[in-house]
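Trainee: So the protein lines, in turn, are chains S and H. Position 115 of the first sequence, counted from 1, bears residue number 115 in this note's numbering, the numbering being contiguous throughout. Just so we're on the same page, this note's numbering is the position in the second sequence counted from 1, plus 414.
No lab work stands behind these hints, which were simulated from the structure alone. Idealized CB from N, CA, C, for every residue including glycine. Watch out, some of these pointers could steer you wrong.
Below, computed lysine-lysine pairings styled on DSSO-like, alpha-carbon distance capped at 30 Å [as the list claims (entries may be wrong)]:
#1 301(S) / 513(H)
#2 99(S) / 758(H)
#3 513(H) / 344(S)
Have a look at the derived ranges for each label pair, beta carbon to beta carbon [what the hints assert, rightly or not]:
#4 781(H) / 93(S): 34 to 42 Å
#5 720(H) / 296(S): 22 to 30 Å
#6 296(S) / 589(H): 32 to 40 Å
#7 589(H) / 295(S): 27 to 35 Å
#8 410(S) / 589(H): 50 to 58 Å
#9 527(H) / 63(S): 24 to 32 Å
#10 786(H) / 205(S): 56 to 64 Å
Protein chains: 2
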Amino acid sequence: MRGLTKDRPFQKGERTMRFDLLLKNVRPLEKDVVDILVVDGSIRKVGKSTSPPSADMTVIEGENRILIPGFVDAHSHLDKTLWGLPWHRNQAGPRLIDKIENERRVRRELNLSAEKQATNQIRQAIRMGTTHIRTHVDVDTEIGLKNLEGIVAAREKFKDLITLQIVAFPQSGLLIRPGTIELLDEAIKAGAELIGGIDPSTIDRDPVRHIDTVFDMAARHGIGVDIHIHEPSTLGAFSIELVAERTKALGLQGKVNISHAFCLGMIDDTYLSQLIDLLLENRISIMTHAPMPRPFFPPIKRLREAGVALCSGSDGIRDTWAPYGNADMLERAMFLSWRSGFNKDEDLELALDITTFGGAKVLGANGYGLEVGCHADFVLLQGETRAEAIVTRAPRKYVVKNGRIVARDGECLI
Amino acid sequence: MRGLTKDRPFQKGERTMRFDLLLKNVRPLEKDVVDILVVDGSIRKVGKSTSPPSADMTVIEGENRILIPGFVDAHSHLDKTLWGLPWHRNQAGPRLIDKIENERRVRRELNLSAEKQATNQIRQAIRMGTTHIRTHVDVDTEIGLKNLEGIVAAREKFKDLITLQIVAFPQSGLLIRPGTIELLDEAIKAGAELIGGIDPSTIDRDPVRHIDTVFDMAARHGIGVDIHIHEPSTLGAFSIELVAERTKALGLQGKVNISHAFCLGMIDDTYLSQLIDLLLENRISIMTHAPMPRPFFPPIKRLREAGVALCSGSDGIRDTWAPYGNADMLERAMFLSWRSGFNKDEDLELALDITTFGGAKVLGANGYGLEVGCHADFVLLQGETRAEAIVTRAPRKYVVKNGRIVARDGECLI
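Could you build all of it, start to finish, from the sequences and the hints given here?
Mentor: This is how it looks when you write it as structure tokens:
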């Protein structure tokens, strides 16, 4: 591969360089075998027996592997991960406050750099075939904008190598920590593209004021909202109602995502139907990562069949809260399927769709897909079928972003 | 390694041959670095700086890796797996009867051999570090003893390479299929070491007669019981009560295991305490594999703290019911931990203990462990700590059974 060597840091200017590629014998989304021509970072041609237009074009022999568009990790916390560091022995107590205090203590002790930690996770994500990430970034009166600035720097550093979308996230509460609102305003000016929120009743103790504040900020800055709602059952459902009402009032349809929304798996069917109508009416999407320790999470198939936009993500991986996760969205598709009780191939394919096209829709990623004209962002997967690729967490032969090979055989090349 | 080549089938007589080994620089259960001398299939010496007693002894440099005893897969279905076959496109309908009929149809169409399929899964399990398996084997009026005979043949074939324990399992019911009881009697004579049972109320529609029949068989043959109870909440709890009463009446304490027991995660705390007392009084163990599609499963930590014996297993892997699973008990330890909400290292270590020592206790495996005198059944794991090994599903450098290297670097050598 021209100019690509293992783990070589990219040079100034090089990151925008495009590699023209010819992928021979690939099966886009498991369909018939075709060749794909990539010119200047985009898919130029999809068809049979395409010859390289120039002699020095890079040719990849696809060996009939499955081609899918790059994974979209639509819910990440790049500033929190301990990925790449020596093993962190977790000794946090059981309460929420123990975990928050433990996080602060460990971060201080390890003197963590958000940019460095994000870099570690981004390279792991690229190895696994991720081409788009939406990350929440802590903003609070202790951290200030430090983490946000680190992630903005990482976004710049990885420009063209991964699409990074930043949510300014009041992890520690918004109303209960005076000064946070002002910091969030600063964070948006400093580069955050969405405003976040979290558990309006159980953390800020005032659902209406919390959600009003978040939506006021979205309207003032003309940006979208991505709010964490972990609240259970009817309490969480009430938060969703409040979010929907404000989405409508402020004309933010199609710009609001609710992350986690465990409550959708905990309420009766009649109420669920009403909430689905609200989500559809206001084009509010739902992010679920099929959380392991939770008994209930949103009923993926039911929501999808109703037409609700769905995406998924890694959430925290290997951080001070929990040691799990590896930023692999193909494994995430397996967890989504398995925990949803999907056994039929077509259901597993739905989970894969959520981790690719579903996420791209929520992120508003233009030119996403495997059609002519789309950005050349894709992954070549081993496996007879998509379902097999999911359950085996198939090797990623190549990962391409903007026409550039960013990973090969599990090695990140950038 | 003397005489071992990749994938070479073992020769007649060779399988009982023992390899004397010296493991240098290993950390047993993460403790201080030692050398371990294995002679004639058993651990002869554990200590510092042991020299090989003979020049031609095989020496393994452990590089300070973690040594654990071999994994115990205490709940498997070796006769059902499609492992090693081309991808099976799952198109079974949603009802239980659809899945049972689909299984029969696929098995007929593929003309499956239980021995061959068991061989495929056993080799995968060995790669992953498993040294002991308890497998349930279907016995019914259609299959007869065919599967049982296949698994008995596999047990013989892999003698000394993996410890295999067989449960005669009435998957399709016991009372509702006249002739099954007689077949189960035959299965025990043909080599099954335990008698199984399944959902006394929801499948056989008669909890007392089902459990009486199973326990009568156990008493007549002087063998143990391993019964599947998937029944929810108080219905499953009632089945557990019936099992406990018969365990006591027939003096089968310490010989009865209940598999799945989802109900233990679904009842109120007072009732759970009463059931725990019953389990303890009758030394009944519980198998859970932290089932993905189920919201509730047994509360591992609570049961363990009370003193209930716990084990885990793969359950069905890649079969006509569901496409998931890979017979990796280290990954299973991760699922047990993650789904139980364990984040602290010591809790993850508990999950690892369940997949090793816990299983060995339930299987009654003598000489299990890493002490002098124990069988040399162990796995060398990469990782700084056991918790890290679990969440990374660490590479298995070596797997040793009865002093013989059966897998190395993820390759099954037998």
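Trainee: Decide, hint by hint, whether the structure agrees.
Mentor: Quick rundown of the hints versus the structure:
1. 301(S) / 513(H): Holds, at about 20 Å.
2. 99(S) / 758(H): Measuring from Cα to Cα gives roughly 11 Å; hence the hint holds.
3. 513(H) / 344(S): The given pair, whose Cα atoms are some 11 Å apart, holds under the 30 Å limit.
4. 781(H) / 93(S): 34 to 42 Å: Given about 39 Å between the Cβ atoms, the range holds.
5. 720(H) / 296(S): 22 to 30 Å: Given a distance of about 26 Å, which is inside 22 to 30 Å, the answer is holds.
6. 296(S) / 589(H): 32 to 40 Å: Taking Cβ atoms as reference, residue 296(S) and residue 589(H) lie about 35 Å apart, which means the hint holds.
7. 589(H) / 295(S): 27 to 35 Å: For residue 589(H) and residue 295(S) the Cβ distance comes to about 33 Å; the hint holds.
8. 410(S) / 589(H): 50 to 58 Å: Holds: the Cβ-Cβ distance is about 52 Å, inside 50 to 58 Å.
9. 527(H) / 63(S): 24 to 32 Å: holds, 31 Å
10. 786(H) / 205(S): 56 to 64 Å: holds, 60 Å
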